[in-house]
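Asks: What follows is each chain in one-letter form.
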Amino acid sequence: MKYKINPEAVIFLDTDALNGYVTVAYDWTTDDLFLIKPHEYQILKMIDDLGVATDDILNNHLGEAVGEEVLKTILEEFVSKKIVYGQD
Amino acid sequence: MDKTNQFFLELSFDNLRREVNWDSLFPIIGLPKKVYQRKWDKLLFGYFSNFDGLVNEKEIFDEVEKNGFKKLTNSNSLFLLLFIDLISGNVAIAVDQFLSFSCFFAILEDKLIISSSFGRMKNELKKSKSLKTDTDAILSYLLWEWHNAENTLVKQIKVLPGGSQLRLNLKDLKGLQVGTLIELNNFYDKDEGQEYQSMEDFSKAWLELLMQLVEERLRLIPDEVNIGCDVSSGFDCALIAFCLSQISRKGRFKGFSNYSSIMGDENNLDIVKRFANIHNFPLEVFDYTKHTLHELNPDEAWPSDTLVNPFVYVHHSQYINFLNKNDIRLLFTGEYGDESYDTKQMEILSRFPIQRSYFDSIASYRRRRKQELFVDSAKDLFLDQTRFKKRGFYPLIIPSKSAGCYLPVVEAYSNNCINRLNIFSDTRLLSLARRAPLKEGQQSFQIKELMMPFFKSIMPENYISTSNAGEPFVQLFVNQKNFVLRILDHSILEQYGLIDAEFLKKYVNNSNSEIYTDKSCQMAMLLYQIVYLDWYLQKNQIV
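Sequence order for the protein chains is R and P.
Going from the first sequence to our numbering is simple: count from 1 and add 18.
Going from the second sequence to our numbering is simple: count from 1 and add 4.
Quick list of in silico lysine-lysine cross-link-like pairs, DSS-like style, CA-CA up to 25 Å:
no., chain 1, residue 1, chain 2, residue 2
1, R, K99, P, K393
2, P, K393, P, K178
3, R, K63, P, K393
4, P, K393, R, K100
5, P, K178, P, K394
6, P, K383, P, K509
7, P, K393, R, K22
8, R, K55, P, K393
9, R, K55, P, K348
10, R, K63, P, K394
11, P, K383, R, K22
12, P, K208, P, K460
13, R, K55, P, K394
14, R, K55, P, K194
15, P, K159, P, K383
16, P, K383, R, K100
17, P, K510, P, K485
18, R, K100, P, K348
19, P, K136, P, K115
20, R, K99, P, K348
21, R, K99, P, K383
Covered stretches of chain R, as calculated for chain P (at least 3 residues, CB under 8 Å):
no., stretch
22, 31–41
23, 44–58
In short, the hints are calculated from the structure, not lab data.
We put the CB at the ideal spot given by N, CA and C, even for glycine.
Between the sequences and the hints, there should be enough to build the whole structure, so can you do that?
Replies: Rendered as structure tokens:
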């Protein structure tokens with residue numbers, strides 16, 4: 019799967035670091051703000067920095083730190099909430 | 005009482021040396037109280053009143069000198085204060101977290117000028133500079149996206165955001181810094197209290213607290229100050245009026261209610277009159293139907309010297325004149341009370357104001373069909389992340405949807421010597437709202453509706469209106485079509501690449517367009533906003 023940030027669901031700010039890399043994303047399926055924790059932030063930021071990221075790349079870089087199963091679950095949730103676009 | 009609530013100050017290192025009577029530059033406004041304290045070469049002046057006992061008014065000089073304005077900001081105090089070191093030239097200016105003061109500022113040559121009046125600032129700057137627009141402010145205004153920020157429509161004029169302070173040394177004006185003093189953790193980490201088992205118990209606690217908050221303010225108001233209270237057939241203003249009727253001596257305040265016959269069920273004067281009668285307070289009513297019909301030429305009627313906000317003109321300007329004729333100086337209001345009950349995601353919304361603004365803008369651009377009135381290419385300007393990334397971090401505890409309306413409204417009343425007291429902003433009430441006992445399936449926006457049955461004995465007939473107060477906006481296009489077309493002929497917003505004036509003119513000329521047929525009046529309200537802003541930019545030669 020390839021992942022790309024939905025730019026209308028996340029905005030990265032210089033001040034995110036001061037907030038301990040906690041932010042909010044917009045869940046367009048429920049019209050609610052969705053709290054992003056630091057390890058989730060790390061995933062989103064990596065996808066954003068790369069433009070497009072594959073499962074392999076994300077696993078290689080974050081699999082150990084986040085855990086492969088956790089990473090998979092988080093990505094599924096992001097895709098279902100349209101925070102990132104997923105494409106096979 | 006002074007005849008104006010406006011203040012205007014010029015601060016330079018040179019005039020600190022002169023014997024300026026700083027105290028005289030701030031008129032008496034009733035509440036908050038005037039402050040003027042001097043110790044050696046340090047000066048604290050402005051306005052300050054505290055309601056929750058967290059800050060002792062007699063000790064504010066020492067508090068500010070030692071610790072700055074943080075404690076004051078994070079209390080339930082209304083204030084605008086300047087702290088000046090006459091020797092070093094260090095200046096600090098702070099405003100409360102409730103946006104109860106509009107405090108505009110600008111650097112002009114070797115001076116810092118500050119004023120409560122946007123028009124006064126604009127006219128001072130205009131003498132020596134051409135005025136430039138602030139793109140972010142323009143785009144936010146057009147999307148009805150309000151945020152607590154420094155920028156105004158005029159690039160050279162800034163405003164002190166709610167709960168922030170400005171610091172600078174008058175010998176080095178470029179070193180001016182503005183930053184928030186609001187400590188969100190201070191509120192959210194300590195936000196505990198009794199849990200309520202039933203909505204009936206919660207409603208009782210709500211009324212008791214509201215009564216206390218009204219009383220805390222009432223007892224600080226000098227006897228010679230005339231007090232008014234907004235009253236309507238709705239819930240919030242009526243509840244404040246009820247509290248006042250219970251704790252003030254007879255005749256201490258007057259109720260005021262305005263009404264336009266074209267505005268559906270917005271306000272029912274018969275119900276308001278019976279309500280005033282039950283609770284035994286004098287009531288003055290004001291019919292502003294004629295005004296809402298837009299029979300006057302807007303070129304002469306629209307204010308060109310205040311902040312831009314069509315709601316202020318349409319729904320407040322005539323009412324303000326009416327209050328003024330009745331010599332009212334302090335006005336209790338429950339306006340924007342709605343937002344205080346709705347605490348859904350309150351903490352997240354407080355902590356992430358920039359992200360929230362960005363998402364609100366996207367939603368607003370899409371959902372209210374705003375994109376239909378703007379050219380396709382404007383989308384990139386509206387939704388570009390860069391303008392959001394440049395914003396300063398100015399969080400608020402009070403709901404920003406209500407705060408969005410504060411500053412233009414505050415300025416409009418203040419220019420006419422009236423200060424409004426928004427009881428529903430008190431953080432103790434916001435804290436209580438977070439503890440409403442909602443059952444599964446109930447949402448916080450329903451709290452008011454769920455409480456209403458328990459206030460039936462106080463407000464037997466009051467109801468939640470379905471009107472969005474939009475009908476008067478349609479009348480501009482019905483009765484002032486030629487004026488609208490003329491403004492669009494010289495559109496500045498078209499020059500900015502935001503609108504297609506020819507397209508909008510056709511839209512205005514088409515009697516079947518949604519301006520005239522949409523019952524929600526949404527399109528008329530949107531287009532009114534565009535025309536009003538365009539007129540304002542043309543009139544003031546802001547480019």
